[in-house]
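Start from the sequences and build out the full structure, keeping to the hints where you can.
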Amino acid sequence: MTAAVIIGQNLRKQFLRKGKQPIQALDTVSLEIAPRTLAALVGPDGGGKTTLLRLTAGLMRADAGELTVLGIDTKANPQAIQDRIGYMPQRFGLYDDLSVQENLDLYADLHGVSTAERKTRYPQLMEMTALGPFTRRLAGQLSGGMKQKLGLACTLVRAPELLLLDEPTIGVDPLSRRELWDIIRALVRDQGVSVLLSTSYLDEAERCEHVVVLRDGKVLAQGPPQDVTSLAKDRTFLATPPDGETPRVTQVGLLDDPAVIDASPEAGKVRIVRGPDLNTQLPASSALARLQLESTSTRFEDGFMVLLQRAAPAGQPAPKAPPITSIVQDGPRSEVVVVHDLVRCFGKFVAVDRVSFEVRRGEIFGLLGPNGAGKTTTFRMLCGLLSASSGTLQVAGTDPGAAATRQEIGYVAQKFSLYAQLTVAENLDFFASAYGLHGARRRERIDWAMAEFELGPVKTQLGGQLPGGYTQRLAMAAALLHEPQILFLDEATSGADPMARRDFWRRITALAQAGVTVIVTTHFMAEAEYCDRIAILDSGRILAQGAPAEIRKRGATNANRNPTMEDAFIAVIEEARAVASKDKAA
Amino acid sequence: MLASLRRIAALIRKELLAVLKDARTRNMLMLQPVLQCLLFGYAATLDLNNVPYAVLDRDRSTASSALLAKLDGSGLFHRIANLTDAADMRRLIDNQQVLVAIQIEPDFQQRLAEGNVAPVQVIADGRNSNTAGAALAYVGAAVASFNADWASDHGLPQPPIEVEERAWYNANLETRWNLVPALVGTITMMSTLMLAALSVAREREEGTFDQLLVTPFTPVEIMAGKAIPSMLMGLVQATSALLVAQLWFRIPFAGSYFTLYVGLILFLLAAVGIGLFVSSIAATMQQAMLYAFVLIMPFALLSGLTTPISSMPQVMQYFTAINPLRYAIDLVHRIYLEGVGLDQVWSDLWPMAIIATVTLSAAAWMFRRRLE
Chain A
1 MTAAVIIGQN
11 LRKQFLRKGK
21 QPIQALDTVS
31 LEIAPRTLAA
41 LVGPDGGGKT
51 TLLRLTAGLM
61 RADAGELTVL
71 GIDTKANPQA
81 IQDRIGYMPQ
91 RFGLYDDLSV
101 QENLDLYADL
111 HGVSTAERKT
121 RYPQLMEMTA
131 LGPFTRRLAG
141 QLSGGMKQKL
151 GLACTLVRAP
161 ELLLLDEPTI
171 GVDPLSRREL
181 WDIIRALVRD
191 QGVSVLLSTS
201 YLDEAERCEH
211 VVVLRDGKVL
221 AQGPPQDVTS
231 LAKDRTFLAT
241 PPDGETPRVT
251 QVGLLDDPAV
261 IDASPEAGKV
271 RIVRGPDLNT
281 QLPASSALAR
291 LQLESTSTRF
301 EDGFMVLLQR
311 AAPAGQPAPK
321 APPITSIVQD
331 GPRSEVVVVH
341 DLVRCFGKFV
351 AVDRVSFEVR
361 RGEIFGLLGP
371 NGAGKTTTFR
381 MLCGLLSASS
391 GTLQVAGTDP
401 GAAATRQEIG
411 YVAQKFSLYA
421 QLTVAENLDF
431 FASAYGLHGA
441 RRRERIDWAM
451 AEFELGPVKT
461 QLGGQLPGGY
471 TQRLAMAAAL
481 LHEPQILFLD
491 EATSGADPMA
501 RRDFWRRITA
511 LAQAGVTVIV
521 TTHFMAEAEY
531 CDRIAILDSG
541 RILAQGAPAE
551 IRKRGATNAN
561 RNPTMEDAFI
571 AVIEEARAVA
581 SKDKAA
Chain B
587 MLASLRRIAA
597 LIRKELLAVL
607 KDARTRNMLM
617 LQPVLQCLLF
627 GYAATLDLNN
637 VPYAVLDRDR
647 STASSALLAK
657 LDGSGLFHRI
667 ANLTDAADMR
677 RLIDNQQVLV
687 AIQIEPDFQQ
697 RLAEGNVAPV
707 QVIADGRNSN
717 TAGAALAYVG
727 AAVASFNADW
737 ASDHGLPQPP
747 IEVEERAWYN
757 ANLETRWNLV
767 PALVGTITMM
777 STLMLAALSV
787 AREREEGTFD
797 QLLVTPFTPV
807 EIMAGKAIPS
817 MLMGLVQATS
827 ALLVAQLWFR
837 IPFAGSYFTL
847 YVGLILFLLA
857 AVGIGLFVSS
867 IAATMQQAML
877 YAFVLIMPFA
887 LLSGLTTPIS
897 SMPQVMQYFT
907 AINPLRYAID
917 LVHRIYLEGV
927 GLDQVWSDLW
937 PMAIIATVTL
947 SAAAWMFRRR
957 LE
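Residue numbers (my numbering), protein chains in the order written: chain A, 1 to 586; chain B, 587 to 958.
Simulated from the structure, these hints should not be mistaken for lab results.
Short derived list, chain A residues pointing at chain B, Cβ under 10 Å:
#: 1; residue: ARG380
#: 2; residue: GLY384
#: 3; residue: ARG406
#: 4; residue: ALA413
#: 5; residue: GLN414
#: 6; residue: PHE416
#: 7; residue: SER417
#: 8; residue: TYR419
#: 9; residue: SER433
#: 10; residue: GLY436
#: 11; residue: LEU462
#: 12; residue: ALA475
#: 13; residue: ALA478
#: 14; residue: ALA479
#: 15; residue: HIS482
Virtual Cβ for every residue (Gly too), placed ideally from N, Cα, C.
Spelled out as structure tokens, the structure:
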């Protein structure tokens, strides 16, 4: 066994803030990563993942502790390390106005890659990333997944010995995510590169050989992922919801049960991780006691939740159901959004092609699809930001562009789109006024939003300087101030950690219970399980539509009888693409 | 209606907050007009002071001394050399040590005494035509004054025509009086145009514009909420420029503030209209900034700020007709220096009103069209 590529001992790093408590980003962190290993950093947002990666890349100095990378001390000679590693930050610096080839050339120039080396390296990278046909396309016009691949290719121009990737699969659809992972695994297997990456997808961590769980700057666990998984051994079950109850409602009830550590909807049932006291008698009030349980296999995520629960400071208040009072009830299950034969063209390009669906009051409807499938275009038309080329579109009974309709909808965009220069309180003030709230009602709603989304502590912070999870909460708060009937969420949980996603869905479930209609897009296939119905789009067309459990079955093969949502998604898309390419050939 | 006004008020408040919160932006907005006025007031003057000159006096007589005394006594000329060789004159001019060189012939006094014409050669550095022209005019005035004195001292008849010069509204013809009030228009135009151009482009770039469009704001409300804060900041800037003109440069204000501000509001409306139009066609802040820069230079040149519009080629004069700054400068000059009322500046007001109407409607139309 050769020496470890990364050896960190008692690393500490503090960030000073003006007039505030300093943040202890890393607190006595020790780790060791063996060569030719695929290692993952996981944990809640703000846990120190990015800081650790930046320290390893020699971009920052630790306050205390020793960190050796490839046998070189990061403090003594960071440049020597940077010459031998590749680092891809969360927002990789691609130049949108340059083509794929020009971006690649630029990074090759920056790293001093010789023309001879390029001749052998470029074809390899193009083959690996399948970007070959797109070398002349501008980087700004690539899909999210292709951008990440190009970023990876730029990082790899120089054949680094160690690759550091900060959330490489954020905002990437399941298909591209799988392709990215194939590339990364091939690098480790065939080229002997060591990889350390951070991720908020726990299924990705499960595929690594080594996992470091970081929380609040401390290492909670480290070792093979099976070590973490085994923490939930024999404690995972599937519960069938009582008749007439959606899995997400059952799930919320279970989350409040002290005997349950984690619950999440899965294939029409609810996956449960129980507390350690499996044999004690459950009180009659327990939600768990009413349900049929069957034991199921344990995943990394289950063990991870047990691990965090153990380390969590006790008594963290769970988010309560947001009171939405003024929903107009015009029949219990009336259709609130009706889309029929919707088409949108940009020049000759058909972005949305004869899409039809209906969403009823209080339903959660999910639009899934790879990057560029037409989800965002559909969303923009539903919100009145874009007009349809043809077809009909009804939101809350009228045309989506009308001012009266806009009073009825809330919209959370893909990226943070509130005012970065204004504080949290000022942002809420502005949007309250924008929705015509005034007087006592306005105060009441702002107070509600502050309390519900726990924004009080960051009230005076600027929107642009909020820590990760808060931006999404602020965006939700602003979108709900006027108690809309319909809520549009465009990849609202992109980049959020598993805990933040649980909180988020808990709120969405409560809103739907109160009669709010919710339409979401997401790249987290596990989140599709919270929806009443989902539609899978590709190339502007709906390929499949129905309840998550039904869609899941489409992924079943002889080899895989229990497909995940992600398997089903990929199966549906690939099947459709195979048919399309056959049509083209014929 | 009330709901609409509330929304506009909220947008105005937000815009002002966003701009004024940042101390650097705030200082830029407040200090910039003051600094520009001081800069233009002192540096950009066409008046001559301390013009360096040299003399080759071959006569060295009482008459020649009297002529030179006229120049030296004017306070405008500063003699730096008494030459003995004509070659030195060329050298001093070439080295730009003097702007003007005067050569007096040996028979200067004698010719005068005989009642003949006595030529005096004046050489000016024509590389800077403006200054040279002005310097020559001053020399001419000094010579005329010398002639008059000589005639009366020697009982000769006075020249038949005498020009009595009176410059109204700027008795000493100081460039500063012309320039500083004109800055009230120029500076505010530049910053309001830029502010308005960037305001929507920034929101578009940061994705907040979509968020704004999904709220019940109508395009007209957004336009109003964007136009008014830019105008308010423009008015503050105009006021600081006015204060500098009056309190620092002591240029007397002849007109009524009411009239001036009515005119300024119309002017700012036109400037903001142009800015918002730029904003509506630009996709990014960078584009908006470039478009605004491309516009600002011709606006300044074709405004009559530095060169009179009547001396521009006819085609250029047509272009000035769509330049709000042209009307604003004329308006400020007439109200500030001349003290006229609203009825007298009517010819400046209606073109600005038309420009404002056209640009604002075009911008509103563009915003709506971009939603399609």
